[in-house]
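Undergrad: Could you put together the complete structure from these sequences and hints?
What follows is each chain in one-letter form.
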Amino acid sequence: MPISANDVKWVEQPKLTLMEKLYVPAIVSGLGTTMRHMFKTMAGGGVTVSFPEERPVVPPYFKGVHRLNRDEQGRVKCVACYLCSTACPAHCIDIVAAPSPWSDREKYPETFVIDELRCIYCGMCEEACPVDAIELTTLFDLTGASRSEMMFDKEKLLSVYDQTKDTTDPIRTSRGKLGPCSELNEGIKYSNPNRENAQ
Amino acid sequence: MWELLTHPWVIRGIVALLVLLIVPGICAYLIFLERKIAAWTQDRIGPNRVGPWGLLQSIADGLKFLLKEQVIPTYVNKVLYMLAPGIGVGCALLAIAVVPFGPTSVNSADPHQWVIAPGVDIGILYVFAVGSLTVYAIILGGWASNNKYSFIGALRSSAQVISYEIPLGMSILGIILMVGSMNLEKIIDYQIHHGWFFLIQPLPFLIFFTSALAENNRMPFDLPETEQELVGGFHTEYSAMKFAMFFLGEYSHMITISLLCSVLFLGGWHFPGLTRVLEPGEFETWGGAIIKFLVLMTKMILFICVIMLIRWTIPRFRYDQLMGLAWKVLIPLSLGNLFFAMIVRHFGWSPWLLLPVSIILFLVPGAVSLWQQDREERLLKGKLAGV
Numbered sequence: 076m077p078i079s080a081n082d083v084k085w086v087e088q089p090k091l092t093l094m095e096k097l098y099v100p101a102i103v104s105g106l107g108t109t110m111r112h113m114f115k116t117m118a119g120g121g122v123t124v125s126f127p128e129e130r131p132v133v134p135p136y137f138k139g140v141h142r143l144n145r146d147e148q149g150r151v152k153c154v155a156c157y158l159c160s161t162a163c164p165a166h167c168i169d170i171v172a173a174p175s176p177w178s179d180r181e182k183y184p185e186t187f188v189i190d191e192l193r194c195i196y197c198g199m200c201e202e203a204c205p206v207d208a209i210e211l212t213t214l215f216d217l218t219g220a221s222r223s224e225m226m227f228d229k230e231k232l233l234s235v236y237d238q239t240k241d242t243t244d245p246i247r248t249s250r251g252k253l254g255p256c257s258e259l260n261e262g263i264k265y266s267n268p269n270r271e272n273a274q
Numbered sequence: 002m003w004e005l006l007t008h009p010w011v012i013r014g015i016v017a018l019l020v021l022l023i024v025p026g027i028c029a030y031l032i033f034l035e036r037k038i039a040a041w042t043q044d045r046i047g048p049n050r051v052g053p054w055g056l057l058q059s060i061a062d063g064l065k066f067l068l069k070e071q072v073i074p075t076y077v078n079k080v081l082y083m084l085a086p087g088i089g090v091g092c093a094l095l096a097i098a099v100v101p102f103g104p105t106s107v108n109s110a111d112p113h114q115w116v117i118a119p120g121v122d123i124g125i126l127y128v129f130a131v132g133s134l135t136v137y138a139i140i141l142g143g144w145a146s147n148n149k150y151s152f153i154g155a156l157r158s159s160a161q162v163i164s165y166e167i168p169l170g171m172s173i174l175g176i177i178l179m180v181g182s183m184n185l186e187k188i189i190d191y192q193i194h195h196g197w198f199f200l201i202q203p204l205p206f207l208i209f210f211t212s213a214l215a216e217n218n219r220m221p222f223d224l225p226e227t228e229q230e231l232v233g234g235f236h237t238e239y240s241a242m243k244f245a246m247f248f249l250g251e252y253s254h255m256i257t258i259s260l261l262c263s264v265l266f267l268g269g270w271h272f273p274g275l276t277r278v279l280e281p282g283e284f285e286t287w288g289g290a291i292i293k294f295l296v297l298m299t300k301m302i303l304f305i306c307v308i309m310l311i312r313w314t315i316p317r318f319r320y321d322q323l324m325g326l327a328w329k330v331l332i333p334l335s336l337g338n339l340f341f342a343m344i345v346r347h348f349g350w351s352p353w354l355l356l357p358v359s360i361i362l363f364l365v366p367g368a369v370s371l372w373q374q375d376r377e378e379r380l381l382k383g384k385l386a387g388v
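Protein chains in written order, with our numbering: chain A, 76 to 274; chain B, 2 to 388.
Take the hints with a grain of salt, since some may be wrong.
Claimed, not checked - Listed next, the in silico DSS-like pairs over lysine-lysine satisfying Cα-Cα at most 25 Å (straight line): (1) Lys382(B) to Lys96(A); (2) Lys382(B) to Lys90(A); (3) Lys84(A) to Lys382(B); (4) Lys84(A) to Lys384(B); (5) Lys329(B) to Lys96(A).
As the list claims (entries may be wrong) - Here are some chain B residues the structure puts well away from chain A; computed CB gaps all over 12 Å: (6) Ala98; (7) Asn147; (8) Ile177; (9) Gly196; (10) Thr227; (11) Ile344.
Hints are computed from structural coordinates only; laboratory data are not their basis.
Virtual Cβ for every residue (Gly too), placed ideally from N, Cα, C.
TA: Written out as structure tokens, the structure reads:
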């Protein structure tokens, strides 16, 4: 469809004034802008965060190192449903499920290993989790001296939770009791022959 | 023995050696200052890791340049390739020889002559002659590198420096006419008695400063080393200390032009109320000498800061604009100023008459280009109406 003449707006190039044509006054005003920035930054108004000394305030939706949440009794919240490892596009979550020693769930993770080097920090595991057991914290400076050190097992992930539970609270999920999935089945008691041994 | 040590030649030699040792050190810290100013103007912090407030950064950089591998491409012209950075640094350091960096006096018996070579009657001519030789470093370096980018950079530099040589020299002819000497000490002395040339002839000051920036290949005239188009320009093929020597040359040149601007236009070490003007036959004391030295250094640092701020303020000129500025604006204006200076000098009128002349001459190119803007617009409208 052609543009109608009414919609066409002709704009004239603004004319330069004498002061602008003289060039020097324009440069002086430009120098003023430069110096304003310079003095502002010299007085401490810069935007740089000197990282190791100052730590940036990371927004709560930041996706950093994972943690495995604990429930109110201090047990691991995970029910070993494998939804996170299925959702994971990088295949970095390795879970071995075992019959749960506790009465409120069927299974629990015997081992739960995340390869932090392989993870792409997309947050899909967190979205997939039905019981809000896995969460991405705001820790961002994850380092290690070897590859094996970066394979985070269940104890390590739980300790990340202990370390961060008071400082960061991801806004995507909510801590508390087990998630909505488990609450639906509150009346059901699972029987587990190994329960006594496991505890 | 003591007599031999206090022989004027020995003292001059020691002073020259000291200045030659100190200037590269100052250059290293000017690079640090430049990086800091660049950072501040861009709302950053700048180098602050090496030593307290990053003050050892320059030394670390220098060490890095010394220890780096010297890569010499096989296809270069080895002699010229090695010679070019040396010419650059050598000429830039030679030019400092006659530039005062502290108190001077027209009385040659005064022991406080803070110049390496005092009483050179062709002073300013010598500075220009030696200073313009630095373009050889760029041309030779660019040609010997046998690289397209280097060569284009060198070609640009040759045309640019030759063009800006003319307004650079002509802008100070007005001063030389007034003073009647090219001796830099005498130029300072004239300004003490008649007023700073910055106030008497503001337009030549502007022309001189602009041309000096172009001579030095500083922003906004750094076409020989435009990173966007020419990789590194003339120094693309240089590495390690040879690369650093080009920078040493550039920053020494910057010190020279800042000192020259202060000496020629801002009265050198003179500052009303701060420095004492000597009576004829009176000698300088050490206290006064140091105050005068500090005054001149402050002026120099101010100029250097302005040069660095300009770098982060104005974008680079297009090549035709660069040539247009030299040939269509600066040269006619400096010619006009020279003409009026000759008239004032011939009839023995007050030099202050040149102040209104400068202001009027400054307004002329603006008015001309406004008129041209109108004319072009009318032509364009005529063309559109014709269609």
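Undergrad: Each hint needs a verdict: does it hold in this structure or not?
TA: Hints and how they fare:
Only pairs whose Cα atoms come within 25 Å are accepted, and Lys382(B) paired with Lys96(A) is accepted, the gap being roughly 22 Å. For the hint pairing Lys382(B) with Lys90(A), the CA-to-CA distance comes to about 15 Å; that is within 25 Å, so the pair holds. Of the pairs offered as hints, the one joining Lys84(A) and Lys382(B) holds, with about 18 Å between alpha carbons and a cut-off of 25 Å not exceeded. Under the criterion of a C-alpha separation no larger than 25 Å, the hint pairing Lys84(A) with Lys384(B) is consistent with the structure, at around 21 Å.
With a C-alpha separation of about 14 Å, the suggested pair Lys329(B) and Lys96(A) falls inside the 25 Å cut-off, and the hint holds. Separation of Ala98(B) from chain A is adequate, the least Cβ-Cβ distance of about 32 Å exceeding the 12 Å criterion. For Asn147(B), the non-interface assignment is confirmed: its Cβ lies about 38 Å from the closest Cβ of chain A, beyond the 12 Å cut-off. Ile177(B), annotated as away from the interface, keeps every beta carbon of chain A farther than 12 Å; the closest lies near 24 Å.
Taking the minimum C-beta to C-beta distance to chain A, about 22 Å, the non-interface status of Gly196(B) holds against the 12 Å cut. The beta carbon of Thr227(B) sits about 20 Å from the closest Cβ of chain A, which is more than 12 Å, so the claim that it is off the interface holds. With a least beta-carbon separation of about 25 Å from chain A, Ile344(B) lies farther than 12 Å from that chain, consistent with its non-interface assignment.
Hint violations for this structure: none, all hints satisfied.
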